[in-house]
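J.: So the chains spell out like this:
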Amino acid sequence: MKKEFNITIFSENHIGLLNRITIVFTRRRINIESLVVSESAIEGVYKFLVVINSNEDQVKKVVAQIEKLIDVIRAFYHTNEEMIFQELALYKVPIEALYESDTVERIVRKAGARILEITREYVVIEKTGHIEETQALFEELNQFKVMQFTRSGRVALTRDPIERLSVFLKERDAFLDSLD
Amino acid sequence: MATKKVTGSQAVILSLLEEGVDIIFGYPGGAIMPIYDALYDFDRHINHILTRHEQGAVHAAEGYARVTGKAGVCFATSGPGATNLITGIADAMIDSTPLVCITGQVASPLLGTDAFQESDVVGISMPVTKWNYQITDSSEIPEVIAQAFYIAQSGRPGPVLIDITKDAQFGELDFEYKKCRKVRSYIPESPVDPFKVKEAADLINAAKKPLLLFGQGVIIGQAEQELKDFIEKTGIPAAWTLLGLSALPSDHPLNVGMLGMHGNYGPNLLTNEADLIIAAGMRFDDRVTGKVSAYAKQAKIIHLEIDPAEINKIVKADVAVLGNVKKSLKMLIGNVTENNHDQWIQRFRDCDKIEDEKIIQKDLYPVKPGLTMGEAIRISTEMTNNEAILVTDVGQHQMIAQRYFKFKTTKSNVTSGGLGTMGFGLPASIGAQLGAPGRTVIAAIGDGGFQMTIQELGTIAQNKLPVKILLLNNHFLGMVRQWQQLFFEKRYSFTELQNPDFITIAKGFGIPGHKVDVRDDLETGIRKMIEHEGPYLLEVTIEKEDNVFPMVPTGASVSDIILEP
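First to last, the sequence lines map onto chains A and B. For the first sequence, my numbering gives the first residue as 33, with consecutive numbering after it. For the second sequence, my numbering gives the first residue as 39, with consecutive numbering after it.
It is worth saying that the hints were derived from the structure and are not from the lab. Glycine included, C-beta positions come from ideal geometry on N, C-alpha and C.
Quick partial rundown of chain B residues pointing at chain A, CB under 10 Å, derived from the structure:
no.	residue
1	Gln172
2	Val198
3	Pro346
Rough simulated footprint, nothing fancy, chain B against chain A, three-plus residues with beta-carbon under 8 Å:
no.	region
4	49-63
5	86-99
6	103-109
In silico SDA-like pairs for lysine to any residue, Cα to Cα no more than 20 Å straight-line:
no.	chain 1	residue 1	chain 2	residue 2
7	B	Lys220	A	Asp209
8	A	Lys35	A	Val187
9	A	Lys100	B	Ile162
Please work from the sequences and hints to get the whole structure.
T.: Dropping the structure here:
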């Protein structure tokens, strides 16, 4: 049965690695739902979070193929239940909407969103949450004709109490040293 | 260690020398000229083989790698030079062949400007290399080349491509070379887990009808002796994949033959009767398994494998032993009990008898007037005392050669397995001959594949390589024609060839040859080919519509193997 899986990849920061990773998915005709890349807490180690719709058997194989890439240090996969995740959305709404009634203010309060910037023409609202929540806010605000809307990819943490990568890196350094 | 100032190009050559490279296959061009210029000063240390096409260079490098176990090295220029390597690189990737390919690239300020002969070779080769890297800074050259050799040759080997911009070739650096021994993000092989070995040994000791399948992992891991010791101690019959061939002598009593689509009857049929399958350094290719959902369902599976991504990829393993097969087999030998499986092995012998009567006799000792590929292969292997290196191309002749050529020593079979690259054979034989200069190399090639890389006759002639080219000419793209006959109602869509006079072509290149049309002439023809001192082309006219049997039809189970149409 297909469902969402979160694939976390830790890698060296080499030119072209993103391409190598996406090739693993495209070759198997797997569509990437969300992709976020940034430096991890460990300097020089980059972290990718790739969200795909698939089944566990295929995800296991894909993760093994990704780990096989030379510049990839480690890859893990988790279900949504095993992760805490958020997306960030920005909405640009005409300024009149704010002046004419208190509806926008009520919507923003109820959604736990916040106002980032107000100009003569528009107001920019920010909301973090799951895609259903950011989408629901869009629907509500759209009664005022949202001028622009953007949503980020997913950022996520595991519910696992230990940071597996640092443990793993320690073990790997010890193993590689033992080869000398 | 003292350093010295050199150019990037000199650093490339010095780095190759540090890696013990004594032969390079290549083709010069604009963007790699500085490296070729540096090479000019080292012609006593490095033999450069100028092929007639970059595809020839990369297949030759593969042939060299297969017979030596060392990385084959090739050079090509940017743009078309580099893209011409791609087929061979893809071939090496799927067949785990170590290559270090060095390509020239336009100067770094021109990258991305559609400069003359610019192609994004790093991007193009990404899906078919184990690793690739573009050098734009001369100072990176020694370290990157050291990594390239380490990555290409360690773990599950594969092709690596290094693209060097022209300005990096001209630039200067302080040369210091350190061999690469580790890469943080790469673990070439996991240590073998003794608990997994124990689990595997328990299954092996309890098995009544075990069958071992070995692949190229045994050859790459130099585990031939361990394989032999293991099967001899346990009495387990062993069957081989295409690329595993020659790891175990053909006449070993426990060698029960070839797996897969055109493999032997016994090992295919009995895969679906075995109670235990031990897969050693093989990856359950679809040509081996046939229909996976009907493959060895009754059997427990032990998978000895170096590449974690192969575990459970096609066939689920009951016990997966990760690591180098040489180590895992050695550990297994210590944990298994001496045994014999004579009754079970008798089943293979019974199957052999059926296959022999229905197929093999007719292939090897035909009575019909038309010549068969089988008899040409049989005489060739007999006359070389089963000691030759066999190089093949792809197609019917390949399957026949793999079935009937016999081997005494490992690393003696060079063929394109996973990719099935027509045109592989002739250039690969160049590398095989250079990698094993003292041995007889027989290149069995069909008339289709021969014409794909026929220009390499020039390379063979120029370098006086004594390759024995056995051209099996049926005037057809025979394997495709066979499928058209069997599965497309004999609609022979574009498979018949009007061929040139191959003997005259070879003569034009300075290679003597002879054409055999009748059986009476075959043995003397082959003898003449083998006894000739230099390169030689023997063309054998084969019956046009011969088929390769047995056959596991596509989509069928291995136990549905058919012996005749």
